[in-house]
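S.K.: This is what each chain is made of:
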Amino acid sequence: MIGVIRATALGICLVVIGTSSATGQNLTKQIRDSDVPISMSSSELSELGDPFFLLVLKDHINTFSLDEIEKLIQPDESKRQLFVVSERAGDLNSSSAFRAVLAFQGSVGGIALSPNVMLSVVFTKDAFPTDSTTGLRFIEALGWDDSRGRFNYYKLDRASGAFAWKFRGSSNDVDQLTDIQRTGTCFSCHLNGGPVMKELLVPWNHWHSEEFRLRQLDPFGSPSVRWPVATLPRFRGSVGGGGGLQSASQLDPQIRSSIKTFVQAKVQRNLETVSGGRRRVKNAPALLKSLFVMTEFNIISSRVQSNGHPLSASTFGQPAMPVSIPASFFLNADFISGGGLPGFKGLGIAEATNFPGLGITNVMPQEYAKLVQSRGLKVDDKSGDAVFSWLVPEPSNFDNQMCDVMVRRGIIPGQFAAAVQSIDLRTPVLSSKRAGLLRFIPLEYEIDAVNPSDPLDITFFTNHALTKHVITSIEAISPTVGSVESEFLALLRQGSGFSPVQVLKNQIDGYAVELKTELGNSVTREATLQKLFERLLDTRKRVLSDAKLGKLDETGGKLLFPTP
Amino acid sequence: MFNYVDPVGGNILAAQGALINYRELVDSFYMRAANIIGTKFQKLESFSLVTSIASVSWPAFPLTAGASDLLIDQRRWELQDEYVEWQVVRDVSGQVTKITFTTELPEYYVALAEISETALVAGIKDAIPGAAPTTDDLFGPGFNPTVASPEERGERFRDQSLDQPSANRPPRKPPNPWTNGDKGILCLLQRFNSTGALFNLLGRCGVPNPDPGIPAASQCSVVGSFCGPARNSDPRICQAAQTASRVPLGISLADAPGINIDRLLGTWRINGVQIDVNDPTQNQGIWTVDRNGRRGTLRISPDVTLDGDSVDFGAQVSRVLEVSAKVVTASVGNISPMAAGQMPVRGGVQLKSRSVQ
Numbered sequence: 001m002i003g004v005i006r007a008t009a010l011g012i013c014l015v016v017i018g019t020s021s022a023t024g025q026n027l028t029k030q031i032r033d034s035d036v037p038i039s040m041s042s043s044e045l046s047e048l049g050d051p052f053f054l055l056v057l058k059d060h061i062n063t064f065s066l067d068e069i070e071k072l073i074q075p076d077e078s079k080r081q082l083f084v085v086s087e088r089a090g091d092l093n094s095s096s097a098f099r100a101v102l103a104f105q106g107s108v109g110g111i112a113l114s115p116n117v118m119l120s121v122v123f124t125k126d127a128f129p130t131d132s133t134t135g136l137r138f139i140e141a142l143g144w145d146d147s148r149g150r151f152n153y154y155k156l157d158r159a160s161g162a163f164a165w166k167f168r169g170s171s172n173d174v175d176q177l178t179d180i181q182r183t184g185t186c187f188s189c190h191l192n193g194g195p196v197m198k199e200l201l202v203p204w205n206h207w208h209s210e211e212f213r214l215r216q217l218d219p220f221g222s223p224s225v226r227w228p229v230a231t232l233p234r235f236r237g238s239v240g241g242g243g244g245l246q247s248a249s250q251l252d253p254q255i256r257s258s259i260k261t262f263v264q265a266k267v268q269r270n271l272e273t274v275s276g277g278r279r280r281v282k283n284a285p286a287l288l289k290s291l292f293v294m295t296e297f298n299i300i301s302s303r304v305q306s307n308g309h310p311l312s313a314s315t316f317g318q319p320a321m322p323v324s325i326p327a328s329f330f331l332n333a334d335f336i337s338g339g340g341l342p343g344f345k346g347l348g349i350a351e352a353t354n355f356p357g358l359g360i361t362n363v364m365p366q367e368y369a370k371l372v373q374s375r376g377l378k379v380d381d382k383s384g385d386a387v388f389s390w391l392v393p394e395p396s397n398f399d400n401q402m403c404d405v406m407v408r409r410g411i412i413p414g415q416f417a418a419a420v421q422s423i424d425l426r427t428p429v430l431s432s433k434r435a436g437l438l439r440f441i442p443l444e445y446e447i448d449a450v451n452p453s454d455p456l457d458i459t460f461f462t463n464h465a466l467t468k469h470v471i472t473s474i475e476a477i478s479p480t481v482g483s484v485e486s487e488f489l490a491l492l493r494q495g496s497g498f499s500p501v502q503v504l505k506n507q508i509d510g511y512a513v514e515l516k517t518e519l520g521n522s523v524t525r526e527a528t529l530q531k532l533f534e535r536l537l538d539t540r541k542r543v544l545s546d547a548k549l550g551k552l553d554e555t556g557g558k559l560l561f562p563t564p
Numbered sequence: 001m002f003n004y005v006d007p008v009g010g011n012i013l014a015a016q017g018a019l020i021n022y023r024e025l026v027d028s029f030y031m032r033a034a035n036i037i038g039t040k041f042q043k044l045e046s047f048s049l050v051t052s053i054a055s056v057s058w059p060a061f062p063l064t065a066g067a068s069d070l071l072i073d074q075r076r077w078e079l080q081d082e083y084v085e086w087q088v089v090r091d092v093s094g095q096v097t098k099i100t101f102t103t104e105l106p107e108y109y110v111a112l113a114e115i116s117e118t119a120l121v122a123g124i125k126d127a128i129p130g131a132a133p134t135t136d137d138l139f140g141p142g143f144n145p146t147v148a149s150p151e152e153r154g155e156r157f158r159d160q161s162l163d164q165p166s167a168n169r170p171p172r173k174p175p176n177p178w179t180n181g182d183k184g185i186l187c188l189l190q191r192f193n194s195t196g197a198l199f200n201l202l203g204r205c206g207v208p209n210p211d212p213g214i215p216a217a218s219q220c221s222v223v224g225s226f227c228g229p230a231r232n233s234d235p236r237i238c239q240a241a242q243t244a245s246r247v248p249l250g251i252s253l254a255d256a257p258g259i260n261i262d263r264l265l266g267t268w269r270i271n272g273v274q275i276d277v278n279d280p281t282q283n284q285g286i287w288t289v290d291r292n293g294r295r296g297t298l299r300i301s302p303d304v305t306l307d308g309d310s311v312d313f314g315a316q317v318s319r320v321l322e323v324s325a326k327v328v329t330a331s332v333g334n335i336s337p338m339a340a341g342q343m344p345v346r347g348g349v350q351l352k353s354r355s356v357q
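So the protein lines, in turn, are chains A and B. When we follow my numbering, the leftmost residue of the first sequence carries the number 1, and every step to the right adds one. When we follow my numbering, the leftmost residue of the second sequence carries the number 1, and every step to the right adds one.
Just so you know, the hints here were simulated from the structure itself, not pulled from any lab data. Watch out, some of these pointers could steer you wrong.
In silico lysine-lysine, DSBU-like type, Cα no more than 30 angstroms apart, as pairs [unchecked claim]: (1) K326/B / K71/A; (2) K125/B / K125/A; (3) K345/A / K468/A.
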């Protein structure tokens, strides 16, 4: 599957779900590609309450035409959205299949469609298959069941030569699956069970967007580069306006919204009310994993095009203007600072915003081109760079949402989260040091009945069961001086006399000064840029070679990131 | 001159005799943008056949603010720079009860002010029912609108209501309480959200860049202060203009010029039940868009949530508020030649000094 979404969906509303009588008889279940589809029991079917099931499968299980399915979901064409992504997006002459993500606005039968149901199909430059007569291979669908707090996954494909819809699993307990258990399932890519849009925030390196228009798909663009498929109504949109090919900028907020809703349901599921109204945090190591381990990744870059993308029609060698290195390359800026487009409450450390400061990490075009050329970067075995400069994996929106929601609900004291961020601060992606601390998290613990008014409050942090338990657990192993455990313990004990947030802020300040000094000095600038660029390449390499995260690259390491 | 329509879709301008004033004001912006050397931006009357009308959309959240949601709400005149501004109303406990978003351009009210104070008050009351602005509110102290010229009334209203970049002073909260948020919000007032800035952006970005090494999407960065490359809005508008200019296509802003409030995204719930917030039949009146898509009002009660959170800030909602500019393009063959250097005429006087930045 080409990077992105295998589908998505969310909530439901105004409809009583779970008591439906007609329930998509003949829907089969096939969790793995290699499984033989089996009938679903009436009990299993009664557990499906997402918009895709309710609007399509429940009463139209034998509908195999994309056009018909779209009509069942949203009859109003102006409220259908088409998004396109491909790692070959810049290639005007590509013969590869591009992926289309179909989303829906508005509501039907009282069911809110956005961001609760999405479809995914593939198409080529000449054809957009919609049924068996036009070469349709599959349709993937994802729907959010708001009442049960889970995503459901479906796929239409051929079994024994005939098309049939299959239920391909739900997001429940996906984080418990082993790598082997994920193989051949939707969850080899949907690692946490939610939607995946790797390039989530502006710009979008492989998506059609205002920042990177896929000229071959522009229905109103130049006929000399326009693909035949682009003239189809689904690209042009409705006659009265609306619908049609849309920019990824319009999908991004929908995905972020669906991830947040999913995260909140996931967190809520692991809270249990106990005596005195207090809440028990269950499955804590799994729930808190996102604080220590990167369970997914997103991709960010400078907004400046590299002008060195080998698959684009024209390459000119170097960016047209200075390249600003994304803040999240240096540290987990979105969560540490809060605010910004992601909208986290975060830890409120403003210094992380636009880290290390406006203009400090601007790389001149000739400097950037030299870095790219000196390392012999390739995309699809051709020398060059990504469409946008400094393309790099960053901490995922999912993990940061998990942390943010748990901090705000008092499951994790904000100061505790700051202490974790302090560990290996300069390795925001795949830090083994932070990951090693997860083992000190208790299986379960209790928290107050109500959310804290100030999650960053020091007393709240000091008295919190999580803080006390982790201190005790680390003390029990008598960590050696200078070890990560010892460092973490000192942070939790506030051994320096400073709160973890203050320590983190001081670290960030020092880091910024260091970068400013090294990049501002002509003697050290070149070596510093080389060091940073090597770190960029190392980050890409570590993500691609990670057993789980590497699955999100479906190009065999050739197209997602430029590599030597 | 093109017969520009009333931008808020009502009849106030015509009823107050201000429609011609409005048209002249707006026309001057079209004219100045079209007069930029080399631009493919055209006045609307130059188009004999419109090829397409495209929506260039962006989220209302000010990407460059670098500030907390609270601060973004509080420092509108400084931080809300995506051609969308908002006023947050809270109850005594601090809970948000209403957020009003506006994309209205000030020329609507300036045109009314040029007619009379009475006409202006009528326009304000149409936007804010129950408003009771004083002369000082609208024109500042020591100003007698009944003896002032139309131009003086217009300029005083601008100065009282907008953070005008031409005033050469630090960003400030304008004193007019009916639009600075104290008592209401009428129109865009932030200096980078000015009508002139919008037209200049299109006009400058409508000059085809002869350097093929500059992608159309990067044009924003090479037109100087006319485009903010780190914003949500400017690069997208600029890219649309530059792309069209390279075809080449003539480009313009559809009438009524300005920014449309398109829709709210996100997962909205009332009492835990998910709703389509854009659907008036479902949303229980919490979200209304009126004044021809230039004003959106969100009424908040404690049982309303966005993505599972209570609604605490306007900036929070701005992340899921989608707005757009409607850009008109036509092939060059379908554009009538325009008299070069032609300037709009108002009252027999050429308006060469009107600020467009």
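S.K.: Taking the earlier hints as the rules, which of them does this structure contradict?
M.R.: 2
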